[in-house]
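Asks: Spelled out from the first residue to the last, the chains are:
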Amino acid sequence: MSSVQILIADDNQVDRKILGRILQKQGHRVIEAVNGREAVELYRQHLPEMVLLDVMMPEMDGKQAALQIKDAAGEDFVPIIFLTSLTDAYGLAECLDSGGDDFLNKPYNPVVLEAKVHAFFRMREMHYTLQQQRDTIARHNEHMMREQEAAKAVFDNVAHQGCLSADNIRYLVSPLAIFNGDVLLAARQPNGSMNLLLGDFTGHGLPAAIGAMPLAEIFYGMTNKGYGVRDIVREINFRLKQILPVGFFCCAVMVEMNFERKTASLWMGGVPDCYLYRQQTDKLEELRSSHLPLGVLSDTRFRDSLQEFNLANGDRFLLWSDGILEARNPAGEMFGQPRLFDVISTAASADDIFPAIRLALDEYQGDSARDDDITLAEICMVEPPEQTTPEIDRTLACKNGPMDWSFEYRLGSQSLANFNPLPVVMHVLSEVPGLKMMSGQLYTVLSELFSNAFEHGVLELDSALKQTPAGFTEYYRQRGQRIAELQQGQVKIHLEHQGDGLAGLLRVRFEDSGPGFDYQAMLAANAAALQQAGTGQYSGRGIPLIHRICESVEYLGKGNVVEAVIHWPIPATRA
Amino acid sequence: MSSPVHFDADSLKLLKDVMEEEFDELIGLFVADSEERLPVMKAALQQQLAGELMSQAHSFKGASGNVCAVTLSEYNRQLEDHLRSASETSQYDWPLLTRLLDEVETEYLAVRRVIDDGL
Amino acid sequence: MSVESKVSGDGQQLTIQVSGRFDFSAHQAFRDAYENPHSSVRKYVIDLSGTSYLDSSALGMLLLLRDYAGGDNADISITNCNPDVKKILAISNFEQLFVIA
Chain A
13 MSSVQILIAD DNQVDRKILG RILQKQGHRV IEAVNGREAV ELYRQHLPEM VLLDVMMPEM
73 DGKQAALQIK DAAGEDFVPI IFLTSLTDAY GLAECLDSGG DDFLNKPYNP VVLEAKVHAF
133 FRMREMHYTL QQQRDTIARH NEHMMREQEA AKAVFDNVAH QGCLSADNIR YLVSPLAIFN
193 GDVLLAARQP NGSMNLLLGD FTGHGLPAAI GAMPLAEIFY GMTNKGYGVR DIVREINFRL
253 KQILPVGFFC CAVMVEMNFE RKTASLWMGG VPDCYLYRQQ TDKLEELRSS HLPLGVLSDT
313 RFRDSLQEFN LANGDRFLLW SDGILEARNP AGEMFGQPRL FDVISTAASA DDIFPAIRLA
373 LDEYQGDSAR DDDITLAEIC MVEPPEQTTP EIDRTLACKN GPMDWSFEYR LGSQSLANFN
433 PLPVVMHVLS EVPGLKMMSG QLYTVLSELF SNAFEHGVLE LDSALKQTPA GFTEYYRQRG
493 QRIAELQQGQ VKIHLEHQGD GLAGLLRVRF EDSGPGFDYQ AMLAANAAAL QQAGTGQYSG
553 RGIPLIHRIC ESVEYLGKGN VVEAVIHWPI PATRA
Chain B
242 MSSPVHFDAD SLKLLKDVME EEFDELIGLF VADSEERLPV MKAALQQQLA GELMSQAHSF
302 KGASGNVCAV TLSEYNRQLE DHLRSASETS QYDWPLLTRL LDEVETEYLA VRRVIDDGL
Chain C
31 MSVESKVSGD GQQLTIQVSG RFDFSAHQAF RDAYENPHSS VRKYVIDLSG TSYLDSSALG
91 MLLLLRDYAG GDNADISITN CNPDVKKILA ISNFEQLFVI A
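Protein chains in written order, with the working numbering: chain A, 13 to 587; chain B, 242 to 360; chain C, 31 to 131.
Keep in mind that the hints were calculated from the coordinates and are not lab data.
Just so you know, not all the hints are guaranteed correct.
[Stated by the list, open to error] Under the rule of at most 25 Å between Cα atoms (straight-line distance), these lysine-lysine pairs were calculated in the BS3-like manner:
#	chain 1	residue 1	chain 2	residue 2
1	A	Lys37	B	Lys254
2	A	Lys295	C	Lys117
3	A	Lys128	B	Lys254
4	A	Lys128	B	Lys257
5	B	Lys283	A	Lys37
[Stated by the list, open to error] So the derived list for chain C, only partly shown, Cβ under 10 Å to chain A, looks like this:
#	residue
6	Val37
7	Gln47
8	Arg72
9	Val75
10	Leu89
11	Gly101
12	Cys111
13	Ser122
None of these values were measured; they are calculated from a predicted model.
Even for Gly, the Cβ is constructed at its ideal location relative to N, Cα and C.
Whenever a hint applies, use it, and build me the whole structure from the sequences.
Replies: Structure representation (structure tokens):
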């Protein structure tokens with residue numbers, strides 16, 4: 013042990029001398045004070061490493077001096093040893109209360125004294141080391157927090173393009189949730205449909221944050237191009253499998269809401285049971301994960317089968333990661349699925365469900381409230397958004413872009429079963445500035461015409477099936493089965509454009525290999541329905557929106573060919 | 242009525258080992274200190290300054306203990322203890338305190354003789 | 031938490047038993063349990079009879095074992111799960127990757 017500087021305060025000269033002598037002989041440096049006041053002064057001047065204090069001293073007694081010295085030392089540990097005799101048992105507790113760390117009995121025993129000095133010196137060093145480590149940890153932590161904030165800013169730039177603020181979405185997500193591994197993304201497809209993805213990466217921190225980046229990019233990029241849930245989860249799974257180490261994965265639920273058709277498609281993997289609330293019947297339907305989480309299976313083994321729903325306005329999905337079930341009360345118990353079910357099923361109305369869950373969580377967690385790991389979202393079926401055609405920027409429209417072209421895309425049975433051609437077609441159309449402006453409407457038209465050609469034409473599915481909930485499920489069962497068994501068949505997409513940069517005309521033709529249908533009868537029925545102030549139920553091929561956008565929609569041949577003509581800009585009377 | 246043992250022999254040897262050449266100086270200091278202290282204690286007794294007397298007895302107890310004058314330290318302890326317990330009610334038994342201080346003085350003189358004889 | 035493992039008499043089967051909470055704290059022990067035994071092991075049995083709880087990092091460890099044991103060709107059974115543990119495995123649809131008995 014190196015030399016230690018020790019302050020001795022005792023009004024008794026003899027005592028001071030003996031003590032000082034013992035310590036000096038042991039190699040320590042000694043400073044002497046004759047009373048408490050002087051002890052405090054000398055402490056401040058020399059900052060000795062240890063203090064020996066007599067209890068009873070004139071001017072200021074030992075206890076008072078101890079308080080002031082401890083105060084002056086702040087966070088540093090200065091051992092204070094009171095000098096007493098065994099018979100001075102009175103007031104020992106007070107000495108400890110005033111900051112004393114130990115006692116030394118008179119008469120002094122050099123062996124005991126050396127042992128104590130040694131022990132306290134080690135304690136002081138330990139304290140110093142702890143302080144250093146604590147400061148280092150604090151610095152690292154601060155550094156990490158700054159990095160997390162920076163990373164979050166980067167992530168926000170990627171993730172912020174979304175529509176989480178839409179009126180039909182409510183959500184709860186902690187500010188730094190990304191570092192808890194949770195992601196919540198929502199965006200609209202060009203046709204107004206909405207995609208929402210709630211994901212929960214295993215593990216916290218960096219792996220989660222890194223995985224969330226490509227996930228968000230894929231989600232937004234593909235949604236903007238008009239891809240639906242099936243293609244997006246497949247692509248995300250492919251990418252995550254590529255980049256995440258084995259053992260890391262992302263539990264996720266993704267839903268696609270089509271507000272025109274009043275349908276939803278859902279993919280769920282590794283997420284705890286969620287709910288679909290149906291407003292008309294006031295019933296909760298349990299949604300169960302039927303897939304492995306994203307990033308586990310190779311692309312060839314990945315399963316993208318979806319759960320399909322027919323919804324009414326006001327119906328809503330309630331989705332969460334496991335954080336909500338594992339939220340703990342002060343006693344450490346978990347919130348759990350039964351409690352969540354109770355809260356939801358006793359909510360006063362559909363709109364009260366979400367606030368009720370939040371309130372129940374707050375109350376349950378009490379003072380231990382930490383929303384850190386809770387991500388929760390509600391997405392509701394509503395009226396479709398109004399599709400507006402932006403004013404054409406004449407200067408932009410006059411700029412280059414292909415004006416006179418045609419394009420044919422023929423899809424065989426294998427392509428039809430595995431591939432969605434619409435994003436590619438949209439990409440071609442978007443090269444025309446005037447068409448790019450109305451890509452939302454165009455997408456609606458194309459997706460309607462394509463799914464008619466494919467599902468009713470090639471697959472020969474009966475559209476009447478979809479009128480009842482049971483039939484709806486049956487429709488999708490048959491659809492899956494027929495796609496799996498599809499051996500032959502094709503859809504030909506033909507596009508032709510003419511224009512001068514300020515206006516143009518697009519001709520879209522879909523021809524399928526199916527048997528066609530009696531379109532004359534359908535036209536007559538629709539005409540009759542339209543005459544009843546447009547309130548009639550539209551059935552079969554075609555929805556009113558298409559007619560609002562298109563100049564004309566005509567069935568040809570035996571009903572297996574449909575041709576739509578679209579003028580741009582759309583005349584104001586129709587848009 | 243002094244005790245036959247004035248110094249604790251073992252502790253004294255240890256003290257001599259520690260202090261080496263400064264031992265004589267230390268003892269000289271103790272004597273000078275004590276010669277000053279006794280008149281102060283007597284005056285305090287006469288003027289019935291209990292607090293001052295107690296503080297002096299406490300200090301004397303410590304100093305004599307440290308030079309291994311165990312009996313002198315013990316008498317000072319008795320004096321200090323009486324003063325301390327009496328201070329709770331301020332009911333001081335002055336004749337008793339006079340006797341106790343006498344014992345301290347008598348023992349000190351005995352200690353002094355041993356010192357003068359070269360310990 | 032404790033992880034114990036033993037190899038069958040013929041050296042073909044490795045049984046790993048995890049007791050208490052199966053979470054990140056088991057990471058190293060679980061890994062040691064399947065990486066150390068000799069290479070004759072063909073079949074793995076994860077006995078969770080003593081496992082009270084399973085978190086997502088435990089799921090990750092099971093995937094690591096599966097990868098180590100040959101990926102899609104791995105022969106791994108997970109046995110004796112209590113209802114809570116079974117539920118967690120079911121939510122994650124791990125029955126698609128493991129034999130859950």
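Asks: Which of the numbered hints above does this structure break?
Replies: Numbers 5, 6, 7, 8, 9, 12 - these are the hints that the structure violates, sorted from lowest upward.
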